[in-house]
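Q: Could you build the full structure based on these sequences and the hints that come with them?
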Amino acid sequence: MTSRSRAADESGTPDGDLAARASAGDRAALETLLERHVDRIHAVCRRILGNPEDALDATQEAMIAVARGIGRFDNRSAFTTWLYRVATNAALDEGRRKARRPRPVDPPAEAAAASPEDAVGARLDVDAALRDLPEEFRVAVVLRDLCDLDYAEIAAALGVPPGTVRSRIARGRSALAEALGNRGRTPERPTTETRPTGS
Amino acid sequence: MTDDLPPDERDDELASLLEVPPLDDGTRERLVTRALDDAGPRRGARRLTRLLVPAAAALVALVLFGVGVFVLVNRDEDNAGTAARSRPPAAAAPGERGSAPDASSSAEAVTGVRDVGELGDVTDSSELRRRVRAQLDEAPASSRAAPPRCLERAVAGSPSPTAYGTGTHRDRPVLVLVLPATGDRSTLVVLDTRTCQAVSVFDLA
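Sequence order for the protein chains is A and B. Residue numbers are given in the working numbering: position 148 of the first sequence equals residue 148, and the series is strictly consecutive. All you need for the working numbering is the position in the second sequence, starting with 1, plus 199.
There's no promise every hint is true.
Unchecked claim - Example chain B residues on the side facing chain A (calculated, C-beta under 10 angstroms, incomplete):
no., residue
1, L216
2, L217
3, L222
4, E228
5, R229
6, V231
7, R233
8, L235
9, D237
10, A238
Calculated directly from the structure, the hints in this document are not laboratory data. Don't be surprised by glycine CBs; every beta carbon is placed ideally from N, CA and C.
A: The structure is reproduced here in structure tokens:
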């Protein structure tokens, strides 16, 4: 049975069940889980790193981390929450590794925009807008709006208070809206955490 | 894009902008295969380690338990022993010594336990090992008239000795027992024949 057909057979099996079987050594269950979530892992890495090649490297590291660490998933949270945390950490680690390595020149924005997988991103230059965001804002926005994690899940994944998550998301969205031309809408008002005092 | 959202609400418009197209099949398969290959041997090794470590620990514990039980049994028996046993041999009446259980035991009590004879001064453990090995390799079975003191109890215990000899340890008379252990190793237990207590325990190898 091919991995694709096995994944199809297991399409109705919840992630938690597959994770439990994978944790017990069921390689087919682990393969199904990885196959099922590889695109989401890649999307997280792609949006956090903003570079297709780095994103693929980070995706591979995240997949390996999931395969090795599946025994540590305790089923107390949603599997995807744990998965996105692993993917986020892999992406951030890859970004730090890249930052330590000297680069002759920065990749031109056109090169990234020319990637065929970026048909939508090229038009709106999402990568460029995300790159300009501070890392903590970028991660928070990606986890909230791409991965659909709620504040509590993001707070658990990042190890910060929910209020901090809320603030980071608000500021990140606002900055993104401004960078993307806002598409005719007004930027988000600052939250009480970020509003300047004395005005 | 964001200003009219209630708290903790996903921004669908931004979500659509952040979406990334799916990977092609070749890349997906390569990523999955590499992850499985990388994790496979390590997971196998961890499972093997998880099995071997407890097994080794159990084996060591079993050997230690056997030796410990033997020593404790002898010690307990000695503590609850008779006044005659606690008296030095010189203080015992000649008749009493002759009728002591050890001395009165017949050779059947030690049947199957090889006597390697007199080993001399066994205070030095390495010398004791050498002598025991030499005697086990070369000495013919001895025909001791009566089994030495403490041997009967040792034979009744578990594990039962496979061989025994006599000697002195710091000028005190001792009984040397060869006990079976793991693999090709045996354990030597040196008992003070006046108290039947172990004074030394070590590997024969």
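Q: Among all the numbered hints in the text so far, which are the ones the structure does not match?
A: none
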